[in-house]
Amino acid sequence: MTVVSPLGYRFPGGTYTIAHWENWLLTDCTTAEPLPDDLAHPVALFHVPILGAGTSIATLFEVCGAEGPGSVGLDGYDWEYMRPLRVGVEYRMEGDIVRWEQLVDERGNPYDSMSFSIEMFDAEGLAARITNTWRFRRRKPEVLAGAT
Amino acid sequence: MKVGEQLPKFAVPSVDPARMKTMAAILRDPYRVHWDREATREMGLEGRVINQGPLNLSYIVNMLHLYSGPTSVRRLTVSFGRPVFDTDSVVAGGEVSAIDGDRVTCAVWLKRGDEIVVSGTAVIDVAHLH
Chain A
1 MTVVSPLGYR FPGGTYTIAH WENWLLTDCT TAEPLPDDLA HPVALFHVPI
51 LGAGTSIATL FEVCGAEGPG SVGLDGYDWE YMRPLRVGVE YRMEGDIVRW
101 EQLVDERGNP YDSMSFSIEM FDAEGLAARI TNTWRFRRRK PEVLAGAT
Chain B
149 MKVGEQLPKF AVPSVDPARM KTMAAILRDP YRVHWDREAT REMGLEGRVI
199 NQGPLNLSYI VNMLHLYSGP TSVRRLTVSF GRPVFDTDSV VAGGEVSAID
249 GDRVTCAVWL KRGDEIVVSG TAVIDVAHLH
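Residue numbers (the numbering used here), protein chains in the order written: chain A, 1 to 148; chain B, 149 to 278.
Don't read these hints as lab results, they were simulated from the structure.
From a predicted model like this one, the values you see are computed outputs, not experimental measurements.
Ideal placement from N, C-alpha and C gives every residue a C-beta, glycine not left out.
Accuracy of the hints is not assured; some may be wrong.
Stated by the list, open to error - Computed far set for chain A versus chain B, every beta-carbon distance over 10 Å: (1) L7; (2) G8; (3) T17; (4) H47; (5) E80; (6) V87; (7) V98; (8) E101; (9) E106; (10) G108; (11) S117; (12) G125; (13) L126; (14) R138.
What the hints assert, rightly or not - Per the computed footprint, the stretches of chain A lying under chain B, defined by three or more beta-carbons under 8 Å from a beta-carbon of chain B, are: (15) 30-38; (16) 52-63.
To be verified - Residues of chain B placed beyond 12 Å of chain A at every Cβ, according to the derived structure: (17) L212; (18) V244; (19) S245; (20) A255; (21) R260.
In isolation and in its complexed conformation, chain B is listed as follows (with noise of 0.2 Å):
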């Protein structure tokens, strides 16, 4: 592990909107733009039903779980730049920007193409690496 090291990818090749029914259920998110896809065409987005941002992050979550394993993040701060929508091809991402004993700060991302969709920061614990 070293500043600089690539994360391995994590591609979700097509947003499922039905994943975003059931979570909408599991939030209890009453936000029409994530189900309801009239409340996206009267927003001129013909229709596609917009992916909720906590799934989004997921995608960068479960990368960060193939690098370090499924408990070691600690801390994640992500700022949402664009709306990922249905059948959108999503890749999550990551380099490693810090050491600090244990932990490792690294920049994360998630990508449509070469569009950055989430950027923002990961911090893990890489203790039980050792």
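Chain A with its partners taken away, still in its complex shape (with noise of 0.2 Å):
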């Protein structure tokens, strides 16, 4: 499958604010107990981008051309944060995806490589930034071409 290359895609842009309940059961997901004085649980810098962006991961996953279970796989996270992120709070996020490469892993597999990146922004400035790398593996010519 050869997907029209994402690079440059603007997400829309706009504004998230963490519930105290979502950041609640968030944190209980993690196994951790709650965390004082409206801390969220720094893993939010996982949603709260993607959905403050106006973007959601069935957009990026559509956009990329997810091809079905196992055929999207983490690489990596690269993320910042200026201060800590706090429940109540309202952050205004914008980002795009900033690179795409189609590769071939060591199985001789090929898949997309897509990295997105979003700056969140709070009253004080930049708050926390975010680039996440995620494949997209492909099915082989041959494969394809013996599918019905």
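Each chain sits in its own coordinate frame; assemble them with the hints.
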């Protein structure tokens, strides 16, 4: 499958406020106790930038041509926090797809490597920044030729 | 605090598939491998669902919180090597690798037995500990 490169795809942008219930459940999922002082669990830096930028995992899958179970993998994250994230603070997000490469893994299987970056601002300025890299595995041409 | 110091471990004795379902809802994550056992049967994984990458990373974050408190994390740079499945037992660990004033860089990892499934570096701010 050849997907049109989404390099430069700009997210609509928007705002997001982490809710108390959301942070409580998120923190529980990590098996930790709730944090004090309205601190958000740092792992909120996965979904908050994506949703706050006006996109979603589903949209990213669609834009990048995800092909079904097992076709998407995580390669890496680079997350920076200028200060701790807080519940109840409105964050503004902007970002885009910054990298798209057609590669082949160690077993000779083709995949597209995609990176997107989102910056997150609060009233003081830049609060956090992420770059996530995902892998979209593609079927080999001979497999496609034999598929019904 | 010194280079080579080991961070306190954070253990998850059995990764819970119910938590993956809640996480999928919070993330609005439509990827079936996290909550639909049929999806992973199609992949030949015997119906074991796959933990979300952010949850794997969260165990490393919790380990950092044990060491330096809940406001300390400043940067996480990680690679995901192997998937983690429901009922897996995993342990997050780390080691101080550099100190620059109040900024401390740590090698961090998540292991399943002796296998490293997530690895990378974390930068923590320890100014509040002085």
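Using Cβ atoms and 10 Å as the threshold, tell me whether L126 of chain A really stays out of contact range of chain B. Correct as stated: the minimum Cβ-Cβ distance to chain B is 13 Å, above 10 Å.
Could you check that no beta carbon of chain B comes within 10 Å of the beta carbon of G125 of chain A? holds, 16 Å
Going by Cβ atoms, does S245 of chain B stay more than 12 Å from chain A at every point? holds, 17 Å
If I take the minimum Cβ distance from R138 of chain A to any residue of chain B, is it greater than 10 Å? holds, 16 Å
Status of the stated non-contact between G108 of chain A and chain B (beta carbon gap over 10 Å): Fine: 19 Å to the nearest Cβ keeps G108 of chain A off the interface.
Against chain B, does E101 of chain A hold up as non-interface, every C-beta pair farther apart than 10 Å? Since the minimum Cβ distance to chain B is about 16 Å, E101 of chain A lies beyond 10 Å and the statement holds.
Does the no-contact call for E106 of chain A survive, Cβ to all of chain B over 10 Å? Holds, since 13 Å exceeds 10 Å.
Whether L212 of chain B stays farther than 12 Å from all C-beta atoms of chain A, as the label says: Label violated. Min Cβ-Cβ 8 Å, cutoff 12 Å.
Would you say the segment 30-38 of chain A counts as covered by chain B, given the rule of at least 3 residues with C-beta under 8 Å? With 5 residues close enough to chain B, the hint holds.
So T17 of chain A supposedly isn't at the interface. Is its beta-carbon more than 10 Å from every beta-carbon in chain B? It holds; T17 of chain A is separated from chain B by about 14 Å at its closest Cβ, greater than 10 Å.
In terms of Cβ atoms, is chain B entirely out of 10 Å range of S117 of chain A? Answer for S117 of chain A: holds, closest chain B Cβ roughly 14 Å.
Would the non-interface assignment of L7 of chain A survive a Cβ cutoff of 10 Å against chain B? Nearest chain B Cβ is 22 Å from L7 of chain A, so the label holds.
Violated hints, in rising order: 4, 5 and 17; the structure is consistent with all others.
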